[in-house]
Amino acid sequence: MRLRDFPEEELFLQGSAACQGCPGSAALRVAFKALGRETILCVIASCTSVLQSPFPVSALNLPTLNMAFATGGATASGLSAAADRLVASGAFKEKPTILVWAGDGGTYDIGIQALSGAAERNTDFIYVCYNNEAYSNTGTQRSGATPYAAWTTNTTKGKDEWRKDIAQIMVAHGVPYVATASLAYPTDMYRKFAKAKEIKGTRYIEIQAPCPPGWKFPSSHTIKVARLAVQSGMWMLYEHEGGKTAYTAGTQRIIQGQSKLLPVEEYLQAQGRFRHLFSPEKDEMRIAEIQGRISHIFDTLQFTHKMKEHIMDIELAPPR
Amino acid sequence: MRLVDTGNHVAAWGARLARVEVVSAYPITPQTQVIEEISRFIDEGEMDCEYIPVESEHSAMAAMIGSAAMGVRSFSATSAHGLAYMHELLHWAAGIRLPMVMVNVNRALGPGWNIWCDHQDTLAARDTGWIQLYCASHQEVLDTVIQAFRISEDLKVILPVMVCYDAIFISHSYMQVEVPDQDKVDRFLPPFRSLWKLDLDYPLTHGSVIYPDDYEEVRFSMFKGLDNARKVIERAAEEYRDIVGDFHGGMVETYRTEDADCALVAMGSMASECKMAVEELRDKGYRCGLVRVRSYRPFPIAELRELLSPMRSVMVIDRSVSFGLEGALFSEVKAAIYGHGDATVYNLITGLGGRDVRYDLIAEKTADALEGKLAPESSWPSLRLNEHHLVSKRGLEGYWKKEGVL
Ligand code: SF4
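So the protein lines, in turn, are chains A and B. Okay, so the first sequence: first residue is 1 according to the numbering used here, each after it adds one. Okay, so the second sequence: first residue is 1 according to the numbering used here, each after it adds one.
Watch out, some of these pointers could steer you wrong.
[Stated by the list, open to error] Partial list, computed: chain B residues near chain A (C-beta under 7 Å):
hint : residue
1    : Val22
2    : Ile52
3    : Glu55
4    : Ser59
5    : Ala62
6    : Ala63
7    : Ser67
8    : Ala69
9    : Met70
10   : Trp92
11   : Thr205
12   : His206
13   : Ser208
14   : Val209
15   : Asp213
16   : Glu216
[Unchecked claim] Over the 10 Å line for every Cβ pair with chain A, so calculated as not near, a few chain B residues:
hint : residue
17   : Gly207
18   : Asp242
19   : Asp246
20   : Thr254
21   : Arg355
These are computed hints drawn from the structure, not numbers from a lab. Since we're looking at a predicted model, the values are computed, not measured. C-beta: ideal position from N, C-alpha, C; glycine also.
Based on the provided sequences and hints, a complete structural model is requested.
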């Protein structure tokens with residue numbers, strides 16, 4: 001699927017209340033195009049609750065239930081069970097896609113219990129986490145998704161902890177489909193949504209969502225920052241199905257040696273939230289720590305890839 | 001069909017007869033038997049229903065909101081800590097105007113750990129916009145669950161309903177009930193049709209950001225919905241009597257109030273004790289009656305005014321306490337009849353955490369009140385303060401000595 005082949009119908013309407021350059025709204029646009037009209041949407045408290053525009057208007061042209069912060073997975077279980085009943089009673093010809101749209105706060109932190117419960121029950125729905133790596137809606141506080149050393153309003157010297165990896169936690173739940181996506185690779189993202197739509201059970205898609213006001217970069221740079229994240233290895237693109245992980249798009253190209261892994265410094269420097277790593281003095285140690293982690297992961301992946309080509313035929317779910 | 005069973009199993013029968021299509025619930029003592037029985041009904045093919053075994057009460061209510069928003073009849077059951085845990089979503093369900101029914105087995109809140117009867121749990125949830133109905137018998141539990149759907153789904157109401165009954169006294173005791181025929185229930189309770197739902201052809205957004213320009217109006221509409229519910233509750237009880245045959249009262253149930261000049265006011269199973277207390281008091285020459293509050297939200301203001309204004313004294317019995325004030329029912333009864341008649345209103349706070357409340361204690365204290373031996377304020381007649389309530393001999397005393405408190 002090429003960009004120009006995306007369906008023209010816009011289910012994310014004009015006139016939303018999003019900031020300029022908002023990654024969340026761009027992601028909604030692509031996701032809606034891939035999923036189509038037969039979709040029931042549940043929005044979990046996040047920037048999307050606000051950017052859809054206040055009552056009585058809406059930028060979301062799908063039946064939408066706005067729900068409380070900690071409820072994504074559970075609400076989906078209710079929606080999905082009810083949809084099954086309506087299919088059984090003939091009210092629906094086919095089961096619509098149940099789509100939960102949550103931010104990283106609602107996924108990594110307060111919402112993980114409900115998400116985990118739904119995954120364990122293998123509730124039939126797609127869960128999307130648009131991960132802007134902070135509580136952007138409340139003014140950029142740290143979340144479980146905030147990367148190490150990043151500034152937020154409550155980690156003013158940079159976060160001390162490394163982020164947790166929810167996508168891998170979802171892989172560990174054994175759900176049928178887990179994927180990561182990036183705004184800079186919309187065709188890859190579109191393909192993942194279109195694929196998820198055809199699968200039954202719990203599907204998890206996480207989109208890295210560089211947020212201009214929260215990450216402090218010009219609003220015209222959203223896609224550029226998203227691309228740098230993948231090229232520097234700070235964000236990896238893959239999908240996990242049937243016990244196997246396949247790397248995709250930009251990440252795949254790096255592993256296969258078709259493109260170079262950019263130094264993470266380039267990515268860090270593109271954003272204000274890492275400014276304290278470069279001024280007044282360069283914080284060589286923390287930058288090296290970040291680079292070290294990324295290099296270790298990619299060295300392992302590249303090595304595995306070469307080995308696989310040459311001697312082995314096993315798939316490993318590599319460390320990230 | 002006649003059945004001898006627990007209050008919990010009887011509640012499950014109510015859900016089954018109401019043709020509930022989605023149940024989501026988490027186990028909590030003393031509610032567990034409700035969902036066990038429902039899951040057995042489903043497994044044995046006696047009930048055609050989706051059962052979502054969620055991972056918490058917060059999720060139970062979220063799943064209910066999801067299924068009710070799709071226009072499917074939904075049911076849950078909880079108790080005490082479970083209700084407290086779902087508190088946020090109680091507001092959500094009512095605020096988004098979703099019909100649904102949940103039973104709550106009234107149980108004490110910890111600490112200390114206590115699974116016995118107490119009304120603190122539901123009274124703490126009284127301002128969430130839910131209708132709250134309190135039952136005094138097994139039969140009433142079954143009948144009220146069915147009536148609750150009628151009330152909840154009425155287009156003038158469209159609010160969730162909580163059916164409350166007492167832990168252990170009702171939940172775990174066995175009583176005989178008459179299970180009505182399904183076709184009678186079907187005649188009473190038509191299939192669910194909501195005023196709104198998530199519809200693919202008319203994609204609307206529900207529950208989004210709302211500014212001060214509109215928020216008050218939304219709250220007012222909930223207020224009106226609860227107000228409208230008064231008539232709907234009465235009508236549901238009467239139509240249920242006409243079609244099915246049982247009647248437990250509408251907003252209130254009265255017992256020997258016609259010629260009374262003294263009334264007891266209570267909720268839940270304690271009202272049965274109160275009936276015996278009424279008999280005892282009458283034997284002693286006091287003209288007493290009972291007003292059992294069946295609907296706590298909406299509160300039966302008009303009924304209480306009418307019934308209590310001729311009274312000389314009113315004795316309100318609370319199975320909970322509004323800390324820093326008095327018994328919550330006591331406050332509300334006083335407020336309801338303020339300026340109507342000149343009854344002196346007394347209050348017993350008793351039976352907390354499942355403590356046994358005997359009819360003779362109620363009768364004795366009411367007689368005291370009538371003889372001017374009890375002040376018209378809250379008293380705790382079953383309190384037994386001991387040494388060990390004040391100081392734990394071995395533990396605290398030693399610690400206090402060490403800290404220099406003693
Ligand atoms: S704060 Fe960030 S994620 Fe939120 S609306 Fe603005 S740009 Fe979008």
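Would the stated hint for B:Ser208 survive a check requiring a Cβ distance to chain A of less than 7 Å?
-> Constraint on B:Ser208 satisfied, holds at 5 Å.
Interface hint status, B:Ser59 versus chain A (Cβ within 7 Å) = Hint holds; B:Ser59 Cβ to chain A Cβ min 3 Å, cut 7 Å.
Interface hint compliance - B:Thr205 to chain A, C-beta minimum distance less than 7 Å | This hint holds: B:Thr205 lies near chain A, its Cβ roughly 4 Å from the closest one there, short of 7 Å.
Separation of B:Asp242 from chain A, once the least beta-carbon distance is taken, above 10 Å = 29 Å, holds
Identify whether the interface hint at B:Val209 stands, where standing means a beta carbon of chain A within less than 7 Å of its own.
-> 4 Å, holds
Closer than 7 Å between Cβ atoms is the bar; does B:Ser67 clear it against chain A? Give me holds or violated.
-> 4 Å, holds
Evaluation of the interface hint that places B:Ala69 against chain A, nearest CB under 7 Å = 5 Å, holds
Grab the minimum beta-carbon distance between B:Thr254 and chain A and tell me whether it stays above 10 Å.
-> At about 40 Å from chain A, B:Thr254 clears the 10 Å cut-off, so the statement holds.
Does the no-contact call for B:Asp246 survive, Cβ to all of chain A over 10 Å?
-> 29 Å, holds
Can we keep the B:Ala63 interface hint, with Cβ of chain A closer than 7 Å?
-> 3 Å, holds
Would the stated hint for B:His206 survive a check requiring a Cβ distance to chain A of less than 7 Å?
-> Constraint on B:His206 satisfied, holds at 5 Å.
Verify the interface restraint on B:Trp92: the C-beta must sit less than 7 Å from at least one C-beta of chain A.
-> 5 Å, holds
Hint violations for this structure: numbers 15, 16, 17, all remaining hints satisfied.
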